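Fit chains S and A to the supplied structure of chain P, relying on the hints for placement.
Chains as they are written, first to last, in the numbering used here: chain P, 1 to 135; chain S, 1 to 135; chain A, 1 to 135.
Worth double-checking, as some hints may not be accurate.
[As the list claims (entries may be wrong)] Distance condition first, Cα-Cα at most 27 Å in a straight line; then the derived DSS-like pairs of lysine-lysine:
| hint | chain 1 | residue 1 | chain 2 | residue 2 |
| --- | --- | --- | --- | --- |
| 1 | S | 32 | S | 127 |
| 2 | S | 9 | P | 32 |
| 3 | A | 81 | A | 127 |
| 4 | P | 70 | A | 127 |
| 5 | S | 32 | S | 9 |
| 6 | S | 70 | S | 81 |
| 7 | S | 32 | P | 70 |
| 8 | A | 9 | A | 32 |
| 9 | S | 9 | S | 127 |
| 10 | A | 127 | A | 32 |
| 11 | P | 32 | P | 127 |
| 12 | P | 127 | P | 81 |
| 13 | S | 70 | A | 81 |
| 14 | A | 70 | A | 81 |
| 15 | P | 32 | A | 9 |
| 16 | P | 81 | A | 70 |
| 17 | S | 81 | S | 127 |
| 18 | A | 70 | S | 70 |
| 19 | P | 127 | P | 9 |
| 20 | P | 70 | P | 81 |
| 21 | P | 32 | P | 9 |
| 22 | A | 9 | A | 127 |
| 23 | P | 70 | S | 9 |
| 24 | A | 32 | S | 32 |
Rather than coming from a laboratory, the hints here were simulated on the basis of the structure. No experiment lies behind these values; they were computed from the predicted model shown.
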Amino acid sequence: MGSGIIEFKVRTSQREEFVDITPLVQQAVTQKGVDSGICHIFVPHTTCGITINENADPDVVTDLSETLDKLAPAEGGYRHKEGNAPAHVKASLVGSSESIFIEGGRLCLGTWQGIFLCEFDGPRQRKVWVKVIDD
Amino acid sequence: MGSGIIEFKVRTSQREEFVDITPLVQQAVTQKGVDSGICHIFVPHTTCGITINENADPDVVTDLSETLDKLAPAEGGYRHKEGNAPAHVKASLVGSSESIFIEGGRLCLGTWQGIFLCEFDGPRQRKVWVKVIDD
Amino acid sequence: MGSGIIEFKVRTSQREEFVDITPLVQQAVTQKGVDSGICHIFVPHTTCGITINENADPDVVTDLSETLDKLAPAEGGYRHKEGNAPAHVKASLVGSSESIFIEGGRLCLGTWQGIFLCEFDGPRQRKVWVKVIDD
Chain P
1 MGSGIIEFKV
11 RTSQREEFVD
21 ITPLVQQAVT
31 QKGVDSGICH
41 IFVPHTTCGI
51 TINENADPDV
61 VTDLSETLDK
71 LAPAEGGYRH
81 KEGNAPAHVK
91 ASLVGSSESI
101 FIEGGRLCLG
111 TWQGIFLCEF
121 DGPRQRKVWV
131 KVIDD
Chain S
1 MGSGIIEFKV
11 RTSQREEFVD
21 ITPLVQQAVT
31 QKGVDSGICH
41 IFVPHTTCGI
51 TINENADPDV
61 VTDLSETLDK
71 LAPAEGGYRH
81 KEGNAPAHVK
91 ASLVGSSESI
101 FIEGGRLCLG
111 TWQGIFLCEF
121 DGPRQRKVWV
131 KVIDD
Chain A
1 MGSGIIEFKV
11 RTSQREEFVD
21 ITPLVQQAVT
31 QKGVDSGICH
41 IFVPHTTCGI
51 TINENADPDV
61 VTDLSETLDK
71 LAPAEGGYRH
81 KEGNAPAHVK
91 ASLVGSSESI
101 FIEGGRLCLG
111 TWQGIFLCEF
121 DGPRQRKVWV
131 KVIDD
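Just chain P, same shape as in the assembly (with noise of 0.2 Å):
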């Protein structure tokens, strides 16, 4: 990677996990020293994701893997054949990338608010990307 993306390395341990990277993204932003502007956040994978939900309680996230299994089976007559046709098709639901701004050298989140990247097919090593965009 380039100088201007700082990339982190999140280790999950089951095949589905949701990921607190709260902390390592405002880690992220506070090693690029910028006060104001936009942290991008991007994962190079097809087959986790990130989103930002409410991290206080965990039954939330829970919740909403649950329901993404509802509307993506483990058995669901896929095509594709590697076995994890449903981890691709939850990724593109909950998207590979966030955008939060930055005030103060903070990330600005609602109260609830934290950033979870999404594993649909651990337990594995996934790369997060972070672009600092100073204003």
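Frame of chain P; chains S and A shown alone:
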């Protein structure tokens, strides 16, 4: 919020409601006086979201709302016990941000596109944050 | 469109079709001559969208298409009476934009990632807008 972010508030009046916020976003862009750039929109909530869709026929977003209800019905055996689990799920599916180009001081949208705040757990007062990047 | 936005057109040939537009987006980035920055992509339509997913095995996006069909089937008792209500729903689920990092003048994508225009109401000619932010 820092000086770079414009915040406006939206009062919703129903449990589930899609509010066309295009005029409010345009107003924020006009206030910034940026001719060419990008307008980033973010909602700091976990039970509402932002989407872009047709704003000519209100039935379009009603169909969206009803389809999301089938995927995440009110009674769905959720773990999160505050009664708004489906609202959290829907928020992640539509997402909490949008990015729209600006040219000539105007939001660049297609003929039929409008920007909607998607209320999934109203009625409430919601905050919308806008940041305009000049290029 | 203003001078800052590059527009290209995509002709789709089926009702529902996922077109890999990665080469066209890279061409727009190359045309701008930006070494390091962010490429924002936006479709000004309400019945098509943009997603990032695997472009090695075409079955992956077919699975995505078929899963979205289960959620928003052709015959679903919709209110919007133009026959394309499910296309509107699907457009909001995949979203109308993506943001991808640029380093060394190249789009930074994972090994398996491609950028897809998601046609949900074709065949039509679609517009794709690209804006490149230099950092």
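Evaluated hints:
1. S:32 with S:127: With a Cα-Cα distance of about 18 Å, the restraint between residue 32 of chain S and residue 127 of chain S holds, given a limit of 27 Å.
2. S:9 with P:32: With a Cα-Cα distance of about 31 Å, the restraint between residue 9 of chain S and residue 32 of chain P is violated, given a limit of 27 Å.
3. A:81 with A:127: Cα-Cα ~24 Å, so holds.
4. P:70 with A:127: 34 Å, violated
5. S:32 with S:9: Judged against 27 Å, a Cα distance of about 18 Å means the pair holds.
6. S:70 with S:81: Answer holds: residue 70 of chain S to residue 81 of chain S is near 20 Å, not above 27 Å.
7. S:32 with P:70: 44 Å, violated
8. A:9 with A:32: Measuring from Cα to Cα gives roughly 18 Å; hence the hint holds.
9. S:9 with S:127: 5 Å, holds
10. A:127 with A:32: The hint holds at about 18 Å.
11. P:32 with P:127: 18 Å, holds
12. P:127 with P:81: Answer holds: residue 127 of chain P to residue 81 of chain P is near 24 Å, not above 27 Å.
13. S:70 with A:81: Roughly 20 Å between the alpha carbons, so the hint for residue 70 of chain S and residue 81 of chain A holds.
14. A:70 with A:81: 20 Å, holds
15. P:32 with A:9: 37 Å, violated
16. P:81 with A:70: Roughly 20 Å separates the two Cα atoms, so the pair holds.
17. S:81 with S:127: 24 Å, holds
18. A:70 with S:70: Between residue 70 of chain A and residue 70 of chain S the Cα gap is close to 11 Å, so the pair holds against 27 Å.
19. P:127 with P:9: Holds, at roughly 5 Å.
20. P:70 with P:81: 20 Å, holds
21. P:32 with P:9: 18 Å, holds
22. A:9 with A:127: 5 Å, holds
23. P:70 with S:9: 35 Å, violated
24. A:32 with S:32: Roughly 26 Å separates the two Cα atoms, so the pair holds.
Consistency with the previously given hints fails for numbers 2, 4, 7, 15, 23, ordered from lowest to highest.
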